[in-house]
Amino acid sequence: MAIVIVLRRIDRGWKVVLVGGLAGGMLEFAMGLIQEYLLGSRSWNYVNEPLNIGWRTTVPFMLFWGLLCYLIVRFILPLVLWLVHLIDDT
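To convert, count from 1 in the sequence shown and add 50; that's the numbering used here.
One thing to keep in mind: the hints can contain errors.
To be verified - The calculated label-pair distances, taken between Cβ atoms and stated as ranges, are:
#1 Leu133 with Glu86: 35 to 41 Å
#2 Pro110 with Ile53: 17 to 23 Å
#3 Asp139 with Gly104: 30 to 36 Å
#4 Leu127 with Gly104: 26 to 32 Å
It is worth saying that the hints were derived from the structure and are not from the lab. Heads up, the beta-carbon is just placed ideally off N, CA and C, and yes, glycines get one too.
Turn these sequences into a full structure, and let the hints steer you where they fit.
Next up, the structure:
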C-alpha cells in the first residue's frame with residue numbers, strides 16, 4: 051500500500067513503471083533473503099532464468115511488477131476511491 055501511495059504522486063506513466071518495478075524487485079529480493087535465512091526455505095529460485103539478480107528476482111519480473119503498479123495506480127485505485135466516495139458519510 052505504501053508503494054501505491056508514493057507512486058500515486060508520480061505524473062509520468064513510465065516513471066510509475068520504473069519506480070514500481072524497482073520497488074517490486076527489491077521487495078521480492080528482500081523477502082527471498084528473509085525467507086531463506088530466517089525460515090531455511092526457498093519458495094522461488096530464478097537460477098535458470100535470464101537476467102536473474104542474485105537468483106531471487108529477474109528483470110522480466112521487475113517489469114511485471116512495474117506494469118502491475120501502473121495498472122493499480124492509473125485504473126484500479128481511482129475506481130476504488132470513486133466507490134468509497136459513494137458511501138454516505140453518515
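Indices of hints not satisfied (ascending): 3
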